[in-house]
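K.L.:
Chain by chain, the residues:
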Amino acid sequence: MTTRTPYRPSAGEAVEDLAAELWKAVSAADERAATDAVLRALDDGLAPESVLIDVIASVQGRVGEEWAANRLTVAEEHAATAINERAVAALSVHPAARTNPDRGRITVACVDGEWHALPARLLAEVLKLRGWHVDYLGAQVPSPHLITHLHRTDTDVVALSGSIATRLPAAHAAITACQAVGVPVLAGGAAFGPDGEYARLLGADAWAPDARAAADRLARAPLPRPQHDHQPIDDLPHLGDQEYSMVSRSSTSLVRTVLTALEDAFPAMRAYSDQQRERTAEDLAHIVEFLATALYLGDADLFTRFITWTARILTARGVPAHSLPPALDILARELKDFPRAARTLEHGIDALAPDHRNTAGKTV
Amino acid sequence: MRHAPYPVFVADGQGTLLLRSDAAGALLPGARPGAVFTDVVPAWLSAAHDALTEPGRRAGRAVHTPVSGAISERSFEAHSSVQDDNSVVWWLIDDTDHQLVRDALQMERERTEFLAKTSNLLLSSLNLERCMDVTAQLAAEYLADAALVIAPARGQRLPVVSCLRGDSPVRSQESADPDDVPGLDEALRGFPPVPSRWIDPGVAPDWMVPADFGPVGSIVITPLPGHGVAAGALVLLRRSGTAAFTEGEEVFARLFATRAGAAMSAARLYAEQAAITEVLMRELLPPSLHQISGVDFSGGYRPSEDHERIGGDFYDVHPAAVEGEASLVALGDVCGKGLEAAVLTGKIRNTLHALLPMADDHQRMISLLNTALVNSHHTRFATLVLASAIREGSGVNLRLTSAGHPPPLIVRTSGEVEEAATSGTLVGAIPETRARTAAVTLAPGDSCVLYTDGITEAKGGPLGGTEFGEERLQRVLAQCAGMPSEGIVEHVQMLASQWVGKGRHDDMAVVVISAPRTQHLSAVNGRTRGRYTS
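Chains as they are written, first to last, in my numbering: chain D, 6 to 369; chain P, 3 to 536.
One should not assume that every hint holds.
What the hints assert, rightly or not - Mimicking DSBU-like on lysine-lysine, the simulated pairs with C-alpha atoms at most 35 Å apart in a straight line are:
no.: 1; chain 1: P; residue 1: K461; chain 2: P; residue 2: K339
no.: 2; chain 1: P; residue 1: K504; chain 2: P; residue 2: K349
no.: 3; chain 1: D; residue 1: K341; chain 2: P; residue 2: K504
no.: 4; chain 1: D; residue 1: K341; chain 2: P; residue 2: K461
no.: 5; chain 1: P; residue 1: K504; chain 2: P; residue 2: K339
no.: 6; chain 1: P; residue 1: K461; chain 2: P; residue 2: K504
What the hints contain is simulated information worked out from the structure, not anything from laboratory work.
Construct the complete structure from the given sequences, taking the supplied hints into account.
P.N.:
Encoded structure:
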């Protein structure tokens, strides 16, 4: 079957044309134009796998970039994604995408609490094209559902997708649960780090940077059955200090404390509307969530990367980032009895220092 | 020395036997004084003697590590001491029993470890195929050169998993009659109880011997006893070079078979139960929605408990029986959660289905549904909203009726959000119902959002304990202007779920009805677009 031979991007021009056309349709929320363009390209002989990965996935990547640069709102990002989803659905019923499953069986699922389903959907379609029998469970699959599914079906591999780093503790639970019932896990998606470092840390049996690499990896050799003497705590011995549990459990009270203290430090904040106040609280909750995740993984850099990225996003949205260092200071004061948390926050404050001076210089 | 209670030999540096005790004479009658020591004792002892007396080795009294070996089927430990004249005194101690105990202990340890590993691996899966794989692999690893696990026939075929030592299990379906293999039929039927049975390798059918196995030395068939029913049979094969199965090994294989059989039986029971649940649940699961007669429908559902797939919220879309009539959407919420609430949603959905011929009269439908519920033995009540949707030109005409349910929200492309002017009493509580129907027209790109209070009453937020609320929902929807219907469903579900975080929540259901956006003219003749303009 021709779809089984790995695709070599040769039809570069057709791919670029289609990507430009799809981007135009997606950013205009024009579903019809999007599906028409995809179907026409398939009629013209463009390989379905290339349409999925080189066109739809790359357009989706651009959607994310545009959002980060504040050229799309969250709702517009959702609309664009919904249109991309429809393009994938249209592709999946095109005759060019018809295959007979003659390999093993794979379950594709998103981590619990993970709403970015498109990367998993793209992987599911690519694996179908490569001849796998795919069970696609969709966005945010709670671990009990995933395990029930594994008991019911004779799955060879679970492909677990995660985009947001804060879902990594849930991903760890899912990975160990799958392995405990004897099914190996291939992890993928932005959450697991650019080199898959978190996939290794959390004991995944394999990792792939994208759908094509995942399909290639699975075609190369079957993943071995997981070993049974493996306990989740072996992956992360530092969890013994309970800092993760304490911080994640007291998240709302931490947010409230920091918000009150910020209002004392910045009297201008007292004039905030309820909505503005809630938005600030959401940002703080996000910071605490990332802090907890960094404590879970034992990786302070994760928090530092997040906080510098947040500062950039705030700046892109015209919100001065000067309230970030004081917020981290207050958090560090609240968490002074938790050495790892305090250290992680300190790293974050240090990393913000140059940014902070710049912004402060402009706003004062 | 002669009467020492142990066999004792004294031999000089040249290897001549000088003295022996009576006990030594009884053990090795040929070993008389004057004989060449190395000729009359076993090789292991003579080698040790040579090593102690080799020329250049410093003579003198010293105690050396004992050596051990066998003399006429018994095991001995030989302790030596070298005298000043370089002669060696050998004390032999019979440790046969000790050795047997040690071997037995070692074997028991290995078997216990193996059985513990077996239990761990088999307990972890409730999937029959995986249980069979694991059983075949473990048996091939510890009990035989190859192993087959055979499940009772399904139809004409026997499901078989075979595994060579060090290899991966291989599955197949054999169209074979178990009667043709001695002992197999009885093992698969599990009654009458039969012990393991040896069969002549010559009568084993081809499918029973894995490819490339080579000549078979011995084959034993053991039943896999399940919970009251036979789970299958275990076939162990050894090559002709390997020792045949001892009685002890056979008994041990039965211990293993008991565990494997119980696991396979549990997996089979689970599969049967799960299949029943699946069939019963299919009717209760929310349907997947799509476009019908030019109107877009999308729905999303999240039960209150993560391990459940159904709950007390429900929705349905019934396409019009006749082209040109309206499709009917029903979304509602039964008081309560979980399975019992779900069963009542099933009844309501069935009743509404039966009432479809009068779908043009919402009030009448609600009133009849109410009568049915009030007269049933269920004490629960429900709220619901009915929506009739029909395409009219490029827009969609809606009739919306709420029975004690939050009124639907209309999202205009401009970003305005309106509440539909409908209200009514809930159903299943009091004999009489009233309801007011609202008529709404959706322009292209407009949407109508039906939701249950699980969304608006979701408690959480960054500060904890705050209700998501209708105001916030309206604000969220204002940003969803012009979005495709499934985008709105997903956006609302995501925000509500993130709002509750790890907290408890009620069932949540959302259905969105949209008038598709008018197509761009440029996209109609798409052949020329994209190629030449970009």
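K.L.:
Indicate, hint by hint, whether the structure satisfies it.
P.N.:
Here's how the hints hold up against the structure:
1. A C-alpha spacing of about 17 Å is found between K461(P) and K339(P), which places the hinted pair at or below 35 Å, so the restraint holds.
2. Taking the CA atoms of K504(P) and K349(P), the gap is about 32 Å. The hint holds against a cut of 35 Å.
3. For the hint pairing K341(D) with K504(P), the CA-to-CA distance comes to about 25 Å; that is within 35 Å, so the pair holds.
4. With a C-alpha separation of about 30 Å, the suggested pairing of K341(D) with K461(P) holds against the 35 Å cut-off.
5. Taken as a hint, the K504(P) and K339(P) pair is honoured in the structure, with Cα atoms around 18 Å apart against an allowance of 35 Å.
6. Proximity of K461(P) to K504(P) is assessed by CA-CA distance (about 11 Å); at most 35 Å being required, the pair is judged to hold.
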